[in-house]
Each structure stands twice: as structure tokens, then as C-alpha cells.
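Asker: Residue strings, one per chain:
Number of protein chains: 2
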Amino acid sequence: MTSFKIAILGCGTVGGGVAKILLENADALKIKASASLELTKILEPYPARSSKRHNLPLALYCGTGKDLSADEVQKYLREILDDSTIDLIVETIGGSGQEILNIALQTLEHKKHLVTANKALLARHGAAIFSAAGRHERAVGFEAAVCGAIPIIRAISESLTADELMSISAIMNGTSNYILSKMEAEGRPFEEALAEAQKRGYAEADPSLDVGGGDAGHKLLILLKLVFGLDLSVESLPVEGIKEINSDDLAFAKEMDCSIKLICYAKKSGDDVFATVRPMMVKRANSLSKIGGATNAVRLIGRYAGEYLFCGAGAGSLETGSAIVSDINFIARYGTKAVRQFALSACRFRSFNEFAFPYNITFETEDIPGITGIVATAIGKQHINIDTVGHNRHTSDKAIFAIATMPCTHNQIQEAIADIQRHHPSCLVSYPKIIPILE
Amino acid sequence: MTSFKIAILGCGTVGGGVAKILLENADALKIKASASLELTKILEPYPARSSKRHNLPLALYCGTGKDLSADEVQKYLREILDDSTIDLIVETIGGSGQEILNIALQTLEHKKHLVTANKALLARHGAAIFSAAGRHERAVGFEAAVCGAIPIIRAISESLTADELMSISAIMNGTSNYILSKMEAEGRPFEEALAEAQKRGYAEADPSLDVGGGDAGHKLLILLKLVFGLDLSVESLPVEGIKEINSDDLAFAKEMDCSIKLICYAKKSGDDVFATVRPMMVKRANSLSKIGGATNAVRLIGRYAGEYLFCGAGAGSLETGSAIVSDINFIARYGTKAVRQFALSACRFRSFNEFAFPYNITFETEDIPGITGIVATAIGKQHINIDTVGHNRHTSDKAIFAIATMPCTHNQIQEAIADIQRHHPSCLVSYPKIIPILE
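Residue numbers (my numbering), protein chains in the order written: chain A, 63 to 501; chain B, 63 to 501.
Looking at chain A on its own, in the form it has when it is part of the complex:
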């Protein structure tokens, strides 16, 4: 049986999980990988801490066990890259700057396969990385970059290959979903739910990439490339996080028989693809509404087979580690056949604001008679059909009420609001909150 040699760069939460599975599960992996997987080197600036934390032999780490200086890290990185016996490098350092991009590119240039969980890197520099991979005939494994343990990447690239996928709707940020679930189930405000998530280790000390929607956006960008052949910049995807969601929104959602979820959404319509990351009110009949806690879920609609739903752990050391090791198995087994070219499509990316969708609009208004009529009239003037008008709620001196629309564009709604502001400048206390309704 051939030996397949692996080095891990960065042995924190995820890298540690990878190393643990490789060592603990070696016999079973031999059969799955059709090769003997050999973890030869771990490059980590803090070997003693990492070795202790993950219960890994210190001898596997580059250096003498002492913390490494930046120069030493560079020296050992060079050694690993120059070691022609190493077949594959696991990049679990993180970040998306030039330095980490260089490591990825050099890995491929040195004829080594690359496996990474780094969604930010692939979202920003995917085109460069995949092009280098094709040039050097080496594979890039990134199962772990989207939804941790859910095998969504290989499902799309190796399993659902006979179907034509028409839409994606997904919960891909466990932190946000945990927070929203807490807020909904226990009526707690955002800040409290966030603090709880941080306490339980679901949220980073700086949670902005999670609750701001950026992390979910990175994952959706990867799926947009894989499913629709779109190569977009991070900046071009409209992304909105969950920070603005409050108890009024959750109450209106409940009234509408919905849960609020941070949804990664993409829909193909002819050659156009509309996509966004936004909080949406998800109807209870939609399976995504029932995904609670830190779980991730991806719902795909295929032209031939209709709905597919995949759920599982979106994060965690061994969870993400198992996805990385499954990539290693696949690449060890299939070798250069596992090198996939991403066919760029003729699809055109279009703003979600131009896409017709049902919306819930919450108006905070001066509590004056006739206000519902003013708002409803302005909406009707934009040819938006109203589905339901939610119950008025009175908080302090203000009144809020919600209108659920039939499918219309965000642009139409903005026109209606502009009309209200023009003709009744004092009646809206704040800019209305506009939340898509996912059926």
C-alpha cells in the first residue's frame, strides 16, 4: 500500500482535530483512502501549548518544542514546501491576507495538494488558487470551508451532478443561528444571546464576522462558484447580519407562522442569478425554519429531483477536522483525477433588490388615525399586492405595524417608502425594516 504524506500548517482548533483523527483512526482511514496516510509534520508557532491541548506527540511539531520565532516559522515552512515526499498540505492557519494566499499558492506550485477550511481565503482568492491548482495539476480540498461536517461540497461536485440546481437557501453561520434560536425561544435580547453564545464558545471574542453576515457570505460565494459558476468579489454580494433583529421582529414573525433565520440565498432565473445573505422570515412549512442552535443546513432545489436538504454540525474541532480528513482520503484515493476545474458559466449576477420576493415590512409610525391607510396606499401605488397587515403594537409613544407583501422587489418597496416620506414627512419615525419571507 502506498504511503501518502501530510503536513499540517497551524494546529489550533481545526488543525488539532485533523491531527487527532489522522492518528486515532489510522487503520480505518487506510481502507477509505486506499493509502497509508502519514502525518509527517505539524508547523505551529506554539508547539507545547498545541501538543498539550490536543494530546499530540510533541515530536510531530517542527522545532524543539519551544515557541517558534517568525523566522523559524519561515524556515520550517520552506523545509515543508521543499520536502518532495510530502503529498498534501493542510492549511489551518486562517486569515485571507497576502501571506496566507502565498502559502496556498506555493503549496500548489510545489506540487502538493492543498486542503483548507479557510472560507475567507477561498472567497477572496478562489480564482487565483483554483487556477494555480489546475496549472500544477493538484487538487484543492475545501469540504470543511462550507458548513463544517456537512458534506455539501462533495455532494454538489460528485453526487448531484446529473441535476441542475436552481436555488440554494441555507443556514451557514452557527453563531447567528444559535443567537436567533435563543432570542426566539427565550425572548432574550440580541446582546444577551450573543453573550451566551460567547460563553459557550459558539462565538468569537470579536463576533462581527459571524453576526454581521460576512462569514456566511464567504460560504455563499464558494457555493455560487461551485453551483452557478459565478466568480464574484466579496464586496459585490449584498450581505446583512442579524444585529438589527429585535423582539418586535420576532413577534411579527411568530404571527406570520415564521422563524427568523440568517439565510444565504441564491436563485437562478434564466441566465440571471440573484443572491444575498440576509435575515429572513422562514415559514414553518420550510424545513430550514426548524433548524435550531448551532446546526447548519443547506436546502437545494434541483430541476429533476426537487428538494434536497443537508443538515449537520457547522463547526467544531473534530467536526471540521473530519471534513478535512475526508478531503485527504478523497485526494489520496483519486489523485490528480480529483483536480476539478470550475467551469465559469454565462450566468449573470444580479442584485437581489431587483428580484421579486415576498417581504415583511415593519413600520414604526406616529400613532395617528389613518396611518395604515397612508402606508397601504403608497404600497399599492407601486403595484405591490398586500398579503396581510399585522397587528398594531404600541410601545411607548409609537405604534408599529407590519405589512406582508406578495412577491415584489426591494426596489419597489423603497419607492413606496420614499413616496410616504415625500407626502407624509413626519409619519415614519424611522426607516422601515424590510425582511424577505422565505416560503
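To be clear, the hints were calculated from the coordinates, so they are not data collected in a lab.
Take these hints with a grain of salt, some might be off.
Any copy will do: because identical chains look the same in the list, a pair fits if it lies in one copy or spans two.
Within a straight-line C-alpha distance of at most 35 Å, the following computed DSBU-like cross-link-like pairs (lysine-lysine) qualify [unchecked claim]:
(1) K443 <-> K495
(2) K173 <-> K495
(3) K399 <-> K128
(4) K114 <-> K329
(5) K128 <-> K345
(6) K82 <-> K329
(7) K495 <-> K352
(8) K173 <-> K137
(9) K128 <-> K244
(10) K244 <-> K329
Since the model is a prediction, treat every value here as computed from it, not as a measurement.
Position chain B relative to chain A; hints supplied.
Answerer: Showing chain B alone in chain A's frame:
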């Protein structure tokens, strides 16, 4: 680009879906398969009917378009097998008799890959077929044989390869699930719900394989082989269908916050594997309880990544067809590398009756004072802890009540019932119904 030639044997519901996708989607498939897929021949005894039904060119069919005699079918089958330019045969004839087994084996002997949706064939003759495949270095694709469009086979064999799967619980028979969903939602009796399923095309004219649990059993046998390396005979798997489920069971289930589902269950415990197909009361917190209608779902628990859930269409022409074409893509792309050997494991199959599980036991009794005490005492004597005692229901002259137990074995329960029958021979009106509770 190399050409990859395909013949289809049997062009009914599923074969027709395969042909349709191959013709309709040819350009996209080229990229996914890294080859130009060419459907060269369809062997079908009723070409005119099939061609019309699926809107396929009659020229693709063997013969002149007229119905084929048995001799003609044999002649054309021989031609296809002897045609060395054909790379892969799709078997969508069905059945699990000697004749169809011979076709499968001859396909492999003639150095052609085999793709099939035939769960009965693989459940009965999987060992012979996979051994022939290994000998002749040809792949067997069977994604479509388990849960139609859900990519569960490749998920297990190519994606979850770093995890150690500890349990399977799955809804794999759409007909039964449709019937149970109807009974639960609309309070209709089994026969009515079955008739409705037949009217809608979800159930065969002879539904015994579906509602008797046999079809689900075939699929579980395939998963037992794939996941745990167990090679079992069809007869050795304990299988019970849904025919005995009535409105009382559904009422008790509702009281217990459960839905009744036909569950394919397998659990590894040390080197033992316990497995069965049975109706179970599924707690609402378990995602399987929410799977309604003809949808299929598979829930796996992994040592590293915890819960995985896969849902999708379990049957249908294009749904199952798309799974078959995904197998064709995979085999065309990876060639002989796609030939998998099933490692038989040291696992031992054990009767589910010896496995500790929580149960709901429904007793139909003479309505006499003290009956609950008699039953509860007999249960206690077997060291079974009672979780809850359900409300008594009175129908005609009898009383029924249910006891939910803490985990215990079916054998223990049978002992308790025997004890009641011995000491209070007249108090049980019928043999109690014993339904596992899936949490």
C-alpha cells in the same frame, strides 16, 4: 474528450428518466463526467409504448419498434453484452431472480460497469455482484437503490470517510411514510390512506413490499453492508411493516409528543450491530418526526461530527434517474478507481430484541379495577423502569392503556407479558402492541 457509451436495459419509469436526462442534459453532463456520455442502445420489450411515454427517439431502441419476443430480448441482450464499445450498462428492469442476477454478473464479466436502482437484487445478491465487480475491475453504481435522489451512498463512501458512523435511523419507504402522514394528519384509517397513496401513484397495485417493510429492509441491508461491513441475508433482518398501526397507536403517540414512522434502525455498540425495520414512535425533537409525505430521510450519528441529516425525494422517474446518471458521471470520470471493495468487518449482527430501547406498550384489557397495577407489577418484576403510564381509553367493552418504558429489551417485555398471561390469564384481550420510542 473521450466518449463513454451507455446501454439501458429496461425503459420503464426509472430507465425512462435516465434516458431523458442523458439526452436533455448532455452538454452539462460532459463537464461533470469529464467525458461525452453517449446513450447507444435501449433494450425494452415494448419500445413503442416506452418511446411514447418518455418522448424518446424510437431509433434508440433495439429492434424495429415492434414489441420484442423473449427470444429477441435475449438476442439483443447478447449483442449489447458482446459490444465491446459499450462501457456501462444501466439495469432498470427490476426483480431479484436468477435471470436478473445473471444479467448483472454478465455485465461485469463482459468488462462493463453496472449501474442499478435495484435494491432487492443488491440486498439478495450483493455479495456475488460486488465480488464479480472486484474480480473484473468494474464499478457498481447503486446510488439510486437507496433513497432515490438522496446522495446517501456516495455521502457514506466518499464523504463521511473520516468519521466512524455509530448509528443509522432512516425513513426509506415513501409509500409507508405517506400513509402514516395521512393517517396522522387526517385521522384516516390505514386502508383509506393506502387507497389514496395508490390513487396518487405512491403505492404499487400490490403494496405488500412497501407497507410490509420489505422494501425498506432491502435498503437497510445495503446500508448495513456499506456502513458496518455486514453481509446479512434478507431473512435475517427483523422487519415489521405498518399494517397494524391504528388510530389508538397514533393517539398514544400524540400524547407522548411523538409521530409514528416506519424506521430503518441500526446501532453499533462495541462490535455488536443491532438493526431492525419497524414502526417507531419518534419524539418530536428528533428531526425524523417532521419528515412528512413521500419524502425520505437518513439520520446518521458519527463519532466525530455527531448528527448528519439527509432528506430528499425517495422515488420518481427523474428523481431516481438523476441518481443513476450521477453514478454514470462518477464512473465515467474516475473509471476503475471507482471500483470499491467492501471491507467486511468483524462486527456481529445481533437481534434487536436484545437491545435496550425505550418502548411504548399498549395493553388492551378487560376493564377491571386493579388492571394497571397487575401490568405495572409484572413489568417491574422484569426490572423495567416505567417512564409514563398513558391515559386509559375505553372502546366498546374493552379498555386500552399504554405504558412507556425506560430503555429495556424486547425480550424483557415479552417476559413480562408472559408473566401476566400466566398469572392473570383472562385480563389481556389481545397480545400487547410493542412499539419502540426513538428519541
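Asker: It remains to establish, for every hint, whether it holds in the given structure.
Answerer: Tested hints:
no. : hint          : in the structure
1   : K443 <-> K495 : within (19 Å within a copy, 63 Å between copies)
2   : K173 <-> K495 : neither (51 Å within a copy, 63 Å between copies)
3   : K399 <-> K128 : neither (40 Å within a copy, 44 Å between copies)
4   : K114 <-> K329 : between (46 Å within a copy, 33 Å between copies)
5   : K128 <-> K345 : neither (54 Å within a copy, 52 Å between copies)
6   : K82 <-> K329  : between (39 Å within a copy, 24 Å between copies)
7   : K495 <-> K352 : both (24 Å within a copy, 32 Å between copies)
8   : K173 <-> K137 : within (19 Å within a copy, 52 Å between copies)
9   : K128 <-> K244 : neither (42 Å within a copy, 66 Å between copies)
10  : K244 <-> K329 : both (29 Å within a copy, 32 Å between copies)
In this structure, the earlier hints numbered 2, 3, 5, 9 are contradicted, and the remaining ones agree with it.
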